[in-house]
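*Asks:* Below are the chains, spelled out letter by letter.
2 protein chains.
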Amino acid sequence: MREAYHVELEQLAVKLAAMSLQVADAMELATKALLETDLSLAEQVISGDSKVDDARADCEEAAYALLALQAPVATDLRTVLAAIHAAESLERMGDLALHVAKAARRRHPEAVLPDDVKPYFTEMGKVAVKLARQAETVIKTKDVEAARTLEADDDQVDDIHKHLFTVIMDKNWPHGVAAAVDVTLLGRFYERFADHAVSVARRMVFVVTGRMPGYGSAEDL
Amino acid sequence: MREAYHVELEQLAVKLAAMSLQVADAMELATKALLETDLSLAEQVISGDSKVDDARADCEEAAYALLALQAPVATDLRTVLAAIHAAESLERMGDLALHVAKAARRRHPEAVLPDDVKPYFTEMGKVAVKLARQAETVIKTKDVEAARTLEADDDQVDDIHKHLFTVIMDKNWPHGVAAAVDVTLLGRFYERFADHAVSVARRMVFVVTGRMPGYGSAEDL
Chain A
1273 MREAYHVELE QLAVKLAAMS LQVADAMELA TKALLETDLS LAEQVISGDS
1323 KVDDARADCE EAAYALLALQ APVATDLRTV LAAIHAAESL ERMGDLALHV
1373 AKAARRRHPE AVLPDDVKPY FTEMGKVAVK LARQAETVIK TKDVEAARTL
1423 EADDDQVDDI HKHLFTVIMD KNWPHGVAAA VDVTLLGRFY ERFADHAVSV
1473 ARRMVFVVTG RMPGYGSAED L
Chain B
1273 MREAYHVELE QLAVKLAAMS LQVADAMELA TKALLETDLS LAEQVISGDS
1323 KVDDARADCE EAAYALLALQ APVATDLRTV LAAIHAAESL ERMGDLALHV
1373 AKAARRRHPE AVLPDDVKPY FTEMGKVAVK LARQAETVIK TKDVEAARTL
1423 EADDDQVDDI HKHLFTVIMD KNWPHGVAAA VDVTLLGRFY ERFADHAVSV
1473 ARRMVFVVTG RMPGYGSAED L
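Residue numbers (my numbering), protein chains in the order written: chain A, 1273 to 1493; chain B, 1273 to 1493.
Chain A extracted, bound-state conformation (with noise of 0.2 Å):
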């Protein structure tokens, strides 16, 4: 019973893993689409986001499986439900980058972003691939020095995403208001991004250590 239950647990966290890898591909062709302004990348991560939620349908089943054949209780039972909440940040994460698509293919061919503010999404989208790809590092290794390194990435796209609004806020802003609501929902779904990466990062971490980082106690998951 034991034994089987850690090579369930174990091929979950090689699904969660994959399933990480898969969102920072999707949040990188999306931010190339983007920066690029190349329809067949975009269409390329709208077309593919059905596998992502496909990945999180099969991580929920494998979760549900050993919830119902296993019986976990204490840490174990915490785990299954902590690699649960997982996919569902990593499922969001896939739609996130399905909005940058998204946003790439609706002002196509025309670029979505002024060429002024394409370095800030160059660096947060780079940063945001790192941090799932971080994530996945975090889920297969259960490494909690990797999952504190995901929290300052993520205080780097939280500090872009800041600046940004001063740029898009300055009075002397000259590309408009329709440019500056692009940027403005294009940030936020980078920001999200990032914070559903720590998130996950996190939840691994806690299920190595009972704590939360950050945190008191279990109590705050």
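Take these hints with a grain of salt, some might be off.
Because identical chains cannot be distinguished in the list, a pair is counted as satisfied if it fits within a single copy or across any two copies.
[Stated by the list, open to error] List time: in silico SDA-like cross-link candidates among lysine to any residue, alpha-carbon distance up to 25 Å:
| id | residue 1 | residue 2 |
| --- | --- | --- |
| 1 | Lys1374 | Lys1443 |
| 2 | Lys1323 | His1357 |
| 3 | Lys1434 | Ser1319 |
| 4 | Lys1390 | Phe1437 |
| 5 | Lys1434 | Ile1318 |
Just so you know, these hints were derived from the structure itself, not from any lab.
Here the structure of chain A is known, so what remains is to put chain B in place on it, guided by the hints.
*Replies:* This is chain B only, laid out in the frame that chain A set:
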């Protein structure tokens, strides 16, 4: 064993129903704070959000206890997991009400919204609060028909949300970029709040019928 299970499950439903009313009230107050530039109402929502977080932790703990002590299988297991997901959505709804209240506080004593867009937010706020209250009814009554009415109300929020974009993107939008950015973000907060309310109702329908409305099967969870 079975009886204890059903008593505990009923207690969990009572907690979720109370949480729905909590976030409905939060969104109602936050909308009033936004529309009437009322700082003390905004502060009330902001300081009250930790109670929503506590309620969510409380629901999760109750669900954990149920799983650990009763080890439900099949539909019973899915019911408890639906409750865990619902608690997550409800906490997120509380966060979105918090975001609205923070926007009201950030611009105080200025109004966040120009007078001519206020009616849209009055309406979105009304429907959003109604959706959270309907979610409470669905949780309490497990009424599948009531759950369906949420979808129609959510469409109404989506329609207003889409229309808002045409309003702010209009060449003759007279209120400048900063107001457009605020409208963009606030519109999104209401739209996401409504989506989460629908998601809560859907999961309750799933518990009753074993099928997610609008989807083929449980695999679409």
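*Asks:* Run every hint past the structure and note whether it holds.
*Replies:* Okay, the hints, checked on the actual structure:
1. Lys1374 x Lys1443: between (29 Å within a copy, 23 Å between copies)
2. Lys1323 x His1357: Both. Shortest intra-copy (18 Å) and inter-copy (21 Å) distances satisfy the 25 Å Cα cut-off.
3. Lys1434 x Ser1319: between (31 Å within a copy, 23 Å between copies)
4. Lys1390 x Phe1437: both (14 Å within a copy, 22 Å between copies)
5. Lys1434 x Ile1318: between (28 Å within a copy, 20 Å between copies)
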